[in-house]
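Using the supplied hints, reconstruct the complex from the two chains, each of which is provided in its own coordinate frame.
First to last, the sequence lines map onto chains A and B.
For the first sequence, position 253 (counting from the first letter as 1) is numbered 253 according to this note's numbering, and the numbering increases by one without interruption.
For the second sequence, position 3 (counting from the first letter as 1) is numbered 470 according to this note's numbering, and the numbering increases by one without interruption.
The reader is advised that the hints may include incorrect statements.
In silico DSSO-like links for lysine-lysine, alpha-carbon gap of 27 Å or less [to be verified]:
id, chain 1, residue 1, chain 2, residue 2
1, A, K9, B, K656
2, A, K57, B, K656
3, B, K529, A, K166
4, A, K93, A, K164
These aren't lab readings, by the way, just hints derived from the structure by calculation.
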Amino acid sequence: MSPKTLYDKIWDDHVAHEADDGTCLLYIDRHLVHEVTSPQAFEGLRMAGRPVRAPEKTIAVPDHNVPTTADRVNGIENPESRIQVEALDKNAKDFGIHYYPVNDVRQGIVHIVGPEQGWTLPGMTVVCGDSHTATHGAFGALAHGIGTSEVEHVLATQTLIQKKSKNMKVEITGKLQPGVTAKDITLAVIGETGTAGGTGYVIEYCGEAIRDLSMEGRMTVCNMAIEGGARAGLIAPDETTYEYVKGRPHAPKGAQWEAALTWWKTLFTDDDAHFDKVITLRGEDIAPVVTWGTSPEDVLPITATVPNPEDFEGGKVDAARRSIEYMGLEAGQKLSDVEIDTVFIGSCTNGRIEDLRAAAEILKGKKVKDGMRAMVVPGSGLVRAQAEEEGLAEIFKDAGFEWRLAGCSMCLAMNPDQLQPGERCAATSNRNFEGRQGRGGRTHLLSPAMAAAAAITGRLTDVRELM
Amino acid sequence: MEKFDKVHGVAAPMPLINIDTDMIIPKVHLKTIKRSGLGVVLFDEMRYHQHGGENEDFVLNKPAYRQTEILVAGDNFGCGSSREHAPWAIKDFGIKVVISTSFADIFFNNCFKNGILPIVVEEAHHAILMEDAHKGENARMTVHLEDQQITTSDGVVIEFSVDPHRKHCLLNGLDDIGLTMEKDHHIDKFEDHASQARPWV
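Only chain B is shown next, with the shape it has when bound in the complex (with noise of 0.2 Å):
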């Protein structure tokens, strides 16, 4: 994975809460099997007409947000199917970090295994961010992961949490499934243990 340091570039707003999975990547784009290229149909549903052609009212179609890098979105952003498309989806497109006031837990597990920022801010803090992510191409922000700090383009500085597992795996590009084999030891002895203590499982 590739490490994630600073992000510093436009933000998007969608205020809208509840945004599910389905509305991030509809079913039709599950029926890949590999994980790359979904990028141009993220959003598809809100993104595009039915009949083709782009919705030119939708945030990501407008010139000042097609090279968004952070999206700062409604409360309870990723509810819904665990599709990992979702994720796939929006860091094909380039999107880096996604702030919002609360993820469902599947999504945001899901964000960290694929090199995507997912910052929970308090409410009033989300208030800011929105505002400035309305500005446009030129309000840039930044979002610093190793000083855990989002900088807007007015310079006030928000201080955010991570979990310190979480931001040493990103900060490194480090891959889970090495780090867990590294402990192989105890999962063996675990399974010979359970398998005494509880054999019909």
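Chain A with its partners taken away, still in its complex shape (with noise of 0.2 Å):
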């Protein structure tokens, strides 16, 4: 038999049917469903009069629209958000599907939920109406986002029809330096390879820097894969991800569990198996990193200027000029004298447990910058729970932070958690586009422990200086 990847494993594994032309049916293990990518859908099975096919499979719980202030619990203020929210609460209840509707503790962003929930496992493919599914890649699962027609699709049959990606392996050799951490490196890679660098493929990160990573560090450089433009990213399971789901509410238990780790560990690239791209990076040359621009490949070293848009080829010359107006900078001006007023830690990039740790051992005892606004939103209530218990929501609240409750908040701002035009943003989340979070805003994206920095000195900050 010929040597195989990851990637090529998990897929042979889930093929239900292939046509002549390579189309196949891919087998969904887990399909997670939020409020803002499903009406349609549900909709559309309603009038077809079809059933969602493998209820037991599918877990959905509201995240993009819900407010993160206290108050919530009184109910959501914006009708439309209101009237979104109350529809999946509907359409969980009418097709019977796992749920965690917004006040309960366990509700959060759909994949910080998953793998905390421990429906997310090794060896599964897993999809969502959001392109950020390829977090749950961390645990070797074969994860991304899909289209709320595909949606549609998934809840009716349990499968997608799919063509098979090419292979590419992201290597991060080495060690990481102080104050380096995942996002630095999952940011460092889109630099290297663009946003369409990854179209086509599906990613596997390996390399010793990447083994070192904890799940959560591991999540975040996944999560990111698609920043990249790949349809996923993979990291083979070990010790680490078996400790990590052991005991979770859905994880195997017992004879179950033995039967599942043995399936496991043969889930790992073979030697000589083939990639059509391979991409290498020595952790040690991995420095703190931001982005200057409106893609997310616009990244350098926190210790860099803003670059000369001259200095790029082709249709990149005209979008960094764009973005360099757009985002108020000057050619040639130090990243670290970049001047904020919004401070924003989450999102399921960046809002689990370690990196509230991360940023709380850089804030202890410091307050943020007078006239500063920055907020946690941590990524579920359990995540927010045991924040409290580890005395981390006291460190940002006596800083100065919003403490606040789980949701996707100013990642995309569907929210009430807006920037408003001009202001700008060092936030731990995901996308710097043009008006993500608000119109008009800007966003520099950096690691935990970089936006707490940002946020005690009020300018981007080479977190190093504070350690």
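Below is the structure:
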């Protein structure tokens, strides 16, 4: 048998039918659902009189629209947001799928809730009507975002019509330097490949620096595979994975656990398996990074300066010019001189407990700069509870951060957490697109530790100066 | 789904690269529970001023391009969020074909589900089509799916490739779910096998 990559193995295990032209029906083990991309899909089922084929494999939670202020227990004020969340309440009930309603302590961002509850397991296929589904690849699960028509297709058939992607290997060798995190790895990779560099590929991340990451860090890395254009990002499961999964509410137990473990241990890329593209970065070479523009590929070390658009080639010259103008920056300006007025810590990229610990470590005993708006939005109610138990919430509040309830919040600003035109935010989220955090708002992507450092100084800051 | 055959219409140029789905339709318009009526907010933040009123510099607001049916766009069109509201808005505006040197994966898939044909062309052909699109409303382009050909207003013919299954579905207006349900027995068989092999799933 020819050697296979991890992606090849998971793919082969899930093909329910293959047509002569290579079009496959890929069986889906877990379908995660949220309120924004699902109402039209459920409506489609109703109109055709179709049930959900596998409600026991379908999990829903509202996250994009929900307010993150304490008064949300009294209901959602914005009528459109309320209608979407109520539609999900009703759809979950009518179709009999697992559901974590807005005021359940287990509610949170769908990509944080899935792993936390043990729904996401190695070797699975996982989809969700959300591009950041790539997050679940950290478990060695083939996980990717889909559109609403495909959400309906999975609800109705538990399959997707797919053609296989190509294999790409991203290896991060060696050790990371102090102050450098999983977020810096994933941004540095996108800086290297560009936002279309992964188009047509599934990425497997490997190497010592990836192996050394916790599950939280691995989820951060895989989360942004989509920003590099890849269909999915994967990391082969290992002891770190099993340790995280064991004992979670929906993880296998007893004899089932042993059987699962035996199978999971076969989930690795065989020696000599073929990759169509290989990228290698040295862990030691990665610095704490920030974005300067309006594409996640606009990444530079915090010690660098804003680039000159003329230094790019092709269509990137005009794109960079537009970005720099939108961002209100000057070519040649030191990134560490860029003043900010808002800090957002949260999102499916960096809303997990380890992220909050990293930010709190920098903030301990310090205050955010006067006039700064700073907020922490834990990724789930359980992350929030754990952070309170560990005393992190007190550190954030003492420093001057707002301590919010769980949701997507200012990552995409569908709820009331938004930037005003011209406001500049240091954000631990995943997209710095024009208007992403509010029309006219300016976003610099960075790690939680870097966001905490920026909150203290009021400008983009090299976290290593505060360590 | 309505059948797709041939489009003969105005092509608009949008050379900017990395046009993301937040640009195509910002999140304020994702709160709908319907698929229809989004054409009016297509490219909202580029098309309208912050406090209302059209931005007359934006291509689709120019008199020549108000009836655009074909978009010739820069590289990596449709990157970012998976929101299908992006193709819904494009379709509702009246655009049936998007041409670029590359598309983001999810957006590309979403187009086919909504009767939109995304066409990938090589850079040299892209340059010819972009130039043609700049000529305005009298320069109509033709996209013929059956023959897999684009004909510029000057009669230059450019061939393109398209996945045969997707072509078949577009030409015949076929619903994916209906097609998959015809393979129900394969799914049943897979589930029987998987429940033995991986009972913990």
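(request) Determine which of the earlier numbered hints do not hold for this structure and return their numbers in increasing order. (result) The structure conflicts with hints 3 and 4, although it agrees with all the remaining ones.
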